[in-house]
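Enquirer: With chain D fixed as given, assemble chain W onto it according to the hints.
Protein chains: 2
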Amino acid sequence: MNPDLLQANEKYAANFASLKPDMGRFRNMMIIACCDPRVDPYDLLGLKNGEALIIRNAGGSAVDAVRSIMVPQHSFGVTGEIAVIHHTDCGMTKVTTDQMRELVKKANPARDDVAATVDSMDFYHILNIEEAVKNDVKFLSENPLLLKGTKLSGWVHDLETGKISKVVESAVSA
Amino acid sequence: MNPDLLQANEKYAANFASLKPDMGRFRNMMIIACCDPRVDPYDLLGLKNGEALIIRNAGGSAVDAVRSIMVPQHSFGVTGEIAVIHHTDCGMTKVTTDQMRELVKKANPARDDVAATVDSMDFYHILNIEEAVKNDVKFLSENPLLLKGTKLSGWVHDLETGKISKVVESAVSA
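Residue numbers (my numbering), protein chains in the order written: chain D, 1 to 174; chain W, 1 to 174.
Okay, chain D solo, but in the shape it has when bound:
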């Protein structure tokens, strides 16, 4: 990690008494977003440290987020809205599961074990962002592993304008 990041951390720690987050400011909400460097859920929504639980993975996949939703719901009483936010120009619209499998196999030509593992993986390719948001919210709404009644919303974050637009609202009903 670059020295300037470590210096920034020292400054952060030096001023920590006034910054220290606590669960008192938690809004009882979860956000699922992409790990893309251009996505910053704090900036995007004016969120301060401590206000939201934020899950991020390639594409902002709800399927990939299930474990991370279940733990706070079932163990720590986090019952609030789950907002699924996908963004335009997402990398997951640019590479398919089949292409990912080929790329990984090419990087490991002599490894049958790698080929078998990657062939068993789904990379959650996105064909259409709005459809993917709808599908992810539908997936959560029908998932009995989650707390029944949890409010769900699905959003598209436009990287060209910085605006978020609501695609769908729902609730866990399984």
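I should point out that these hints are in silico values taken from the structure, not numbers from a laboratory.
Keep in mind that the hints are not guaranteed to be accurate.
One copy or two, either will do: identical chains are not told apart, so a pair holds if it fits within one copy or between any two.
[Said to hold, decoys possible] Computed list of lysine-lysine pairs in BS3-like fashion (alpha-carbon distance at most 30 Å, straight line):
hint, residue 1, residue 2
1, Lys94, Lys105
2, Lys11, Lys134
3, Lys20, Lys106
4, Lys166, Lys11
5, Lys151, Lys138
Expert: Same frame as chain D, now just chain W:
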């Protein structure tokens, strides 16, 4: 989503011309951190929007992050350091996989399908934060699905002081 968050997004979009992130400021690094509301990788390291790819899940598990690491590595040329950052007082130290299974089954008493699904899930319980960081970095270093030579580092983020401390450095060697 609360109206004040949507208002904050309108402000963000209104000032977007000067804020718009681009990959020009990307530091070619990935961060894996926990989804806990008290963890904010931007504040913690003084990172600005666009500088890092940030994966977040319950516990900051590297095992859970593999798909999200593979896509940018194999498809988008993200070859830089992966920093695994776990934090003190993590929820994953407070609930075991067995306890999670029991909680979910109790919430769905008549569902054998739910019981079977949750029994097949690993929730990546953490016994000791430093050991978990070491194990996660070791897991990545030995993983042939990742790009050979990728720099790895493992850190503990102390929620009481705001300081991060390096636990381990390594590289992908599989």
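Enquirer: If a hint holds in the structure, say so; if it doesn't, say that too.
Expert: Against the structure, the hints:
{"no.": "1", "hint": "Lys94 - Lys105", "in the structure": "within (18 Å within a copy, 39 Å between copies)"}
{"no.": "2", "hint": "Lys11 - Lys134", "in the structure": "between (42 Å within a copy, 26 Å between copies)"}
{"no.": "3", "hint": "Lys20 - Lys106", "in the structure": "neither (47 Å within a copy, 36 Å between copies)"}
{"no.": "4", "hint": "Lys166 - Lys11", "in the structure": "between (37 Å within a copy, 17 Å between copies)"}
{"no.": "5", "hint": "Lys151 - Lys138", "in the structure": "within (12 Å within a copy, 38 Å between copies)"}
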